[in-house]
Amino acid sequence: MSANTFLRNIIRRNPITTFLLINTLIVILVIIALEAALGLTTNVKKDGYIGDLKMLNPGIQRYVRLRENPPNQHYFSYPGDEYMRNRDSLIQKPFEFRVDEQGFILPTKRYEAPDYRIVFIGGSTTACVYVEEENRFPYQAGLLLEKDSNKRIESYNAGVPGNNTLHMLNIITNKILPMKPTAIVLMEDINDLTTLIYEESYWNENPSRSHIIVDKAPIQPGLRQMILAAVQARIPNIYAKVTSLKQYLAARSPAVKKAVENSGDEFAAKRGQIKVDKNYIVEQFEMNIETFVQTCKARKITPVLMTQANRLKAQPDSNIAASMANLDKDTGLTYAEFKNLYDTMNDVIRKVAQRHNIPLIDLARAIPQEKEYMFDIVHYNDKGSLAAAKIIAEQLRPVLK
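For the sequence shown, my numbering assigns the number 93 to the initial residue and increments by one for each residue that follows.
It is possible that some hints are incorrect.
Taking lysine-lysine and the DSS-like style, the derived pairs with C-alpha atoms no more than 25 angstroms apart in a straight line are [said to hold, decoys possible]: (1) LYS239 - LYS443; (2) LYS493 - LYS201; (3) LYS201 - LYS392; (4) LYS243 - LYS482; (5) LYS463 - LYS482; (6) LYS392 - LYS443; (7) LYS463 - LYS267; (8) LYS463 - LYS475; (9) LYS272 - LYS389.
In short, the hints are calculated from the structure, not lab data. For clarity, every value in this text was computed on a predicted model and none was experimentally measured.
Using the sequences and the accompanying hints, generate a full structural model.
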């Protein structure tokens, strides 16, 4: 039997396999031909350069982290059993959390062309994750201001859990300044204090709070991720609703509580190995507050400073005392020393506001230090958030004039 006859017999017996092999071979030949053709027109030198562009060794990629709430997310946050410990006025239930395409917490963007834009920026005490979304003070303050002024007020919630003032300066520079808001209202204390105690600097290598991201090798998505990405691209609205429903059901199911609880201790490696420099902490914090004020003024935006309400009494109640039981062991600070340092940072906010003659909203003195308003040291419950909104709206009225 000749070679040609043998080959024809194989093709007749396996037509599909033959078809696939031939087409695969064609694709491979096309790729090889294209690579060869590009090689005739592109001068790739042995050292990895095309002209002046280095291409074969891109190196480590470094970029600044815009630590914002990921845009277009929608989920239900459930305070797990561990989180609920020593949170004495927090209801354990799912809390809806929605973020728009610019990374601002919803609800917002009621007007295309508002008369005034007010941006609230801070950490978790501004984000108010465990407050019903209609009761979060940035939104409620905007509604109250609008009612009193008969103007179209758009208030934005740029609070991000864990953010300190250096994160906020980055967000302000790269996201908020182009919006040309009437005012930016900054409230922060506890995250700066925590960062400077445990990391000793705003510029650190903490995986959660560092400002520089180092991307040594991009992670390739798996097959499941690629399929989900393709589905999301084709039917984005259905995908978003299904994802939201799954989050909601998971948050209500006792069987998956652990999956939605806060996990990990980002300062675990630092605890018990800290030497606190109180003067340095206060100095660093004041420089960031000063930078915020000067940045706003340079851009003709009204800077507004708020002190942070808290339950750090001289004699703490049992829940607050229990939540800070390991403070001395972790940081070397007594409760009285920690409270003094925290109060000093609130004093810095008051001092900078007075120095520049800018609006100050002193929530630390206006909100009672009781569990009826905050479910832990600094986080508002619904009642506390609504109370803060009323105070903020009243104090911001002159800004709109």
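Here's how the hints hold up against the structure:
Note on LYS239 and LYS443: the hinted pairing is violated, with a Cα-Cα distance of about 32 angstroms set against a maximum of 25 angstroms. A C-alpha spacing of about 22 angstroms is found between LYS493 and LYS201, which places the hinted pair at or below 25 angstroms, so the restraint holds. Distance check on the hinted pair: LYS201 and LYS392 sit about 22 angstroms apart at the alpha-carbon level, within 25 angstroms; holds. Proximity of LYS243 to LYS482 is assessed by CA-CA distance (about 17 angstroms); at most 25 angstroms being required, the pair is judged to hold.
Note on LYS463 and LYS482: the hinted pairing holds, with a Cα-Cα distance of about 19 angstroms set against a maximum of 25 angstroms. Between the alpha carbons of LYS392 and LYS443 the distance comes to roughly 21 angstroms, so the proposed pair stays at or under 25 angstroms and holds. Distance hint between LYS463 and LYS267 is unfulfilled; the C-alpha atoms sit about 35 angstroms from each other, more than 25 angstroms. Using a Cα cut-off of 25 angstroms, the hinted pair LYS463 and LYS475 holds, with the two alpha carbons roughly 10 angstroms apart.
Taken as a hint, the LYS272 and LYS389 pair is honoured in the structure, with Cα atoms around 12 angstroms apart against an allowance of 25 angstroms.
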